[in-house]
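Chemist: Throughout the sequence shown, residue numbering follows this note's numbering, covering 81 to 311 in sequence.
Calculated from the structure, these hints are not laboratory results.
Possibly wrong hints are sitting among the right ones.
As the list claims (entries may be wrong) - Simulated DEER-style distance windows between Cβ atoms:
#1 V197 to N256: 15 to 21 Å
#2 D228 to P253: 26 to 32 Å
#3 A123 to R96: 39 to 45 Å
#4 V171 to V93: 33 to 39 Å
#5 D180 to D228: 19 to 25 Å
#6 A231 to M162: 38 to 44 Å
Virtual Cβ for every residue (Gly too), placed ideally from N, Cα, C.
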Amino acid sequence: MEESRWEQRRVSVSGRTLRWPRALLAFALVDLVWEIIKSNLDADVRDGWPWRLTVLDASTCAAVVALLTGIVLTRTQLSQTMRPILSWSAVAGNSDRLDDSRRTVYLINAGGGRSVVHSVAYRIRSSARCPVPGVVPPGWMPWQTAVDSLASLGLDWNEDVFLLHLGKGAAIPMTNTGTDGMELLALGHKALERLAALDVRIQVEDVLGDVYERQLQCVRPAGTSSRPSRR
Numbered sequence: 081m082e083e084s085r086w087e088q089r090r091v092s093v094s095g096r097t098l099r100w101p102r103a104l105l106a107f108a109l110v111d112l113v114w115e116i117i118k119s120n121l122d123a124d125v126r127d128g129w130p131w132r133l134t135v136l137d138a139s140t141c142a143a144v145v146a147l148l149t150g151i152v153l154t155r156t157q158l159s160q161t162m163r164p165i166l167s168w169s170a171v172a173g174n175s176d177r178l179d180d181s182r183r184t185v186y187l188i189n190a191g192g193g194r195s196v197v198h199s200v201a202y203r204i205r206s207s208a209r210c211p212v213p214g215v216v217p218p219g220w221m222p223w224q225t226a227v228d229s230l231a232s233l234g235l236d237w238n239e240d241v242f243l244l245h246l247g248k249g250a251a252i253p254m255t256n257t258g259t260d261g262m263e264l265l266a267l268g269h270k271a272l273e274r275l276a277a278l279d280v281r282i283q284v285e286d287v288l289g290d291v292y293e294r295q296l297q298c299v300r301p302a303g304t305s306s307r308p309s310r311r
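All chains should be modelled from the sequences, with the hints used to inform the complete structure.
Modeler: What follows is the structure, given as structure tokens:
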């Protein structure tokens with residue numbers, strides 16, 4: 081469970097492209113069963129209530145069921161094919177933002193479809209070795225609060241740390257090469273000393289309107305092992 085929370089997961093699906101077709105399919109199936117049962121009753125029974133109730137005749141209802149089943153199956157296949165896959169990589173140095181970066185984190189979309197930012201949150205924990213008693217709120221926080229928290233730890237924005245401001249609607253570049261992605265974070269020597277953990281929670285929306293979430297463990301607490309990101 082501890083490791084699985086760092087994997088990508090789908091947190092919501094679009095009602096317009098999935099829930100409504102499923103609901104209509106369920107209604108059409110119930111109506112089709114109703115018509116089949118009614119067709120096997122005696123004529124005098126069918127003329128009484130509630131059997132005389134008809135929404136669609138059996139042939140029309142069967143056609144609607146076939147159509148909606150095709151739509152749902154196609155949508156399911158598209159969600160697998162066009163699913164974004166958030167991935168990240170970290171290297172020493174190579175930052176375009178900090179001259180003396182000791183850790184640079186890149187964010188990419190290694191999937192088959194577009195990936196548009198829905199929301200981003202940050203979680204920071206200072207190290208016990210940090211000489212500055214900074215003000216770091218617990219739990220997830222927005223970008224500006226994260227920047228203020230880093231500054232309260234005595235970290236200089238131009239020399240010690242860089243944190244990309246990912247706004248809603250930003251597109252994550254599609255590539256399989258980590259360093260061709262978006263530079264999300266850069267940390268200098270002082271930042272790595274004063275931070276025990278820095279996590280980023282990113283939610284993105286795909287072409288079908290489904291929302292996926294992945295948490296990035298950009299700075300790992302001491303004693304934890306690193307795992308390669310899944311592409």
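Chemist: Give a verdict on every hint.
Modeler: Consistency of the hints with the structure:
1. V197 to N256: 15 to 21 Å: holds (20 Å)
2. D228 to P253: 26 to 32 Å: Given range 26 to 32 Å: holds, Cβ gap about 28 Å.
3. A123 to R96: 39 to 45 Å: Holds: the Cβ-Cβ distance is about 43 Å, inside 39 to 45 Å.
4. V171 to V93: 33 to 39 Å: holds (35 Å)
5. D180 to D228: 19 to 25 Å: Because 23 Å falls inside the window, the suggested range holds.
6. A231 to M162: 38 to 44 Å: holds (40 Å)
Checked against the numbered hints given earlier, this structure breaks none of them.
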